[in-house]
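Trainee: Here is how the chains run, residue by residue.
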Amino acid sequence: MTIITILGFLLIIIGLWGMLTRKHLFRMILGFSIIDTGIHLIIVSLGYIKGRTAPIFDSDLSTFDAVHKIVDPIPSALVLTAIVIGLAVTALMLVYVVQMKRQKGSLDISDYEELKW
Amino acid sequence: MILTIIIVLGILMLVAAFLALYLKDLLSAIIAAGAISLMASVIYIILAAPDVAMTEAAIGSGLTTIVFLYALHLVKKEQGEKND
Amino acid sequence: MLIAGAIISLVGAIFLFLGALGVLRMPDLYNRMQAGTKATTLGSILFMLGLGLGYYNQICICKIILLLLFVIFTNPISSHALARAGHFFGIRLIKRSVLDALHDAEKESEL
Amino acid sequence: MIKRFFSLFFVILLIFVFMPLVKDIKPLSELGVTSQKYAKDGAKELGAANLVTSVVVTYRGLDTLGEVTVLFITTAGIGFLLRKRSTGKNKKRKASEILKSGTSFLLPLIVLFGVYIFTHGHLTPGGGFQGGVVIASAIVLLLLSDINLHTDHNILNWLESLSGGFYIILGLLGLLLAGGFLDNRFLPLGKFGEIFSAGAIPIIYSLIGLKVGAELVGIISKLGREE
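Protein chains in written order, with the working numbering: chain A, 1 to 117; chain B, 1 to 84; chain C, 1 to 111; chain D, 1 to 227.
For the record, the hints were derived by calculation from the structure and aren't laboratory data.
There may be inaccurate statements among the hints.
Claimed, not checked - Derived DSS-like pairs (lysine-lysine); straight-line CA-CA distance at most 30 Å:
id	chain 1	residue 1	chain 2	residue 2
1	A	K69	D	K40
2	D	K26	A	K69
3	B	K24	C	K95
4	A	K23	A	K104
Stated by the list, open to error - Partner residues aside, some chain B positions facing chain A, computed with beta carbon under 8 Å:
id	residue
5	L19
6	L21
7	Y44
Note that the Cβ used here is the ideal one computed from N, Cα and C, for glycine as well.
Sequences are here, hints too, so could you generate the full structure?
Mentor: Spelled out as structure tokens, the structure:
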């Protein structure tokens, strides 16, 4: 569905804007998780076909005419693993933020100026 | 009908994304970011992907929020009584 | 059967709406939490019962009873934990309220 | 201020780059070639009713292996960053009686629900990842209710390594006895639609569920235990 694709792109742009302009470290990670959600929405919406059902065989869906009745299973499978990885990476980033706070005592990105140019 | 649901959910998601970036209170911002995932899981049901919907509802709005809250707790404990 | 189920679900939906209205309109945290818990518990119970009556078959009824048990057990526990955390966090009651049993009990145990 | 203009410029550039992509996306009307093959032969070949499960576990099993590896590495990184620091124990509020008794009633039910989700992954929506997450949320409830609990990290480590190792061993058995790495057909396929069917898929998905659950519990208990 195209409208959901557009929604996913809007979420990506909002998240990127947040990551670029906000100064607080937690806000940047929140922007990252918004980008994550947007990407997942786009990938799942690319596999949708109008008027079809989920790829699970039961009494209503036989294996013979499945080709004309189910949506694409591959994007679902890819997103399934991507969500779990997203959680793990978010947790790792948060732990880094906690360590940075312990080292320097600040949560503002403009206080970290070792690599500033 | 389904198009209306999708449009309403989409507008709510965009509003929640802006709230997550611009609310003053960090706790409310984290809750808003969890709400985005919750609405996304409803959209996955509409897109006929129940597996993804289950995962997103459990991870995106459950565990991610909990991990954020634990990290916020740790950071605030470092800070002492000063508030932010 | 379908009509009876529809009526029961409608009543449940009205309760859910009242719960949402209560969350918006009530004055302080504890009142809001009470509206958001009591009304939505009853509302979701009625809604699911109506659904089960409307599409009556045995597997459906069994699943709905399990769901109801889960809602009945989890909803009060979670709101209890939230209200208790709010109390110890230091959120005040509204001025007009007359009774704070947890505060009184704490004072008694200190004495 | 310069920086803000720079970010605005960057975001607008991104919009212009992606605009043609969004405009040219047409909704699918037919499945792609690979998906058509999966839809036609997947149920007959592997015997799993849930096509997403057979894609995740068998057809793209190497992806899942890599994903589990990434999860393991992030868990190890978190454990490394949050090494034990010797600070004094601070006092915590005790959990209330209602929460404790409610937890003792609800915890087995939630764990049972998680196990149900990952053993029925080949029949109904759900599977290892979802079941592992449900088990991890049960452990969160335990952490919230009984604050002085110490999750035994040795048990967690053993559980994680054993399930990971058995996952690889099952993959190698598929390589030896059947068509290729992580092929599930070295066990009999059984009757379509029953719980003991689909060859090794339920076993592999249960192992993935145990591994994911152990890793997520490790992350959360490390974050929650830190003082």
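Trainee: Mind checking the CB of Y44(B) against every CB in chain A and telling me if the closest is under 8 Å?
Mentor: Holds: closest Cβ of chain A sits about 6 Å from Y44(B), inside 8 Å.
Trainee: Given the proposed pairing of K23(A) with K104(A), does the C-alpha separation stay at or below 30 Å?
Mentor: Holds. K23(A) to K104(A) sits at ~16 Å (cutoff 30 Å).
Trainee: Taking only the CA atoms, is the gap from K26(D) to K69(A) under or equal to 30 Å?
Mentor: The hint holds at about 19 Å.
Trainee: Regarding the hint that L19(B) lies at the interface with chain A, is the smallest CB-CB distance below 8 Å?
Mentor: At about 10 Å, which exceeds the 8 Å cut-off, the nearest Cβ of chain A leaves the hint on L19(B) violated.
Trainee: Check the hint pairing K69(A) with K40(D) against an upper bound of 30 Å on the C-alpha distance.
Mentor: holds, 11 Å
Trainee: For the pair supplied as a hint, K24(B) and K95(C), confirm whether the alpha-carbon distance does not exceed 30 Å.
Mentor: Holds, at about 27 Å.
Trainee: Does the CB of L21(B) sit less than 8 Å away from some CB of chain A?
Mentor: holds, 4 Å
Consistency note: the structure conflicts with earlier hint 5 alone.
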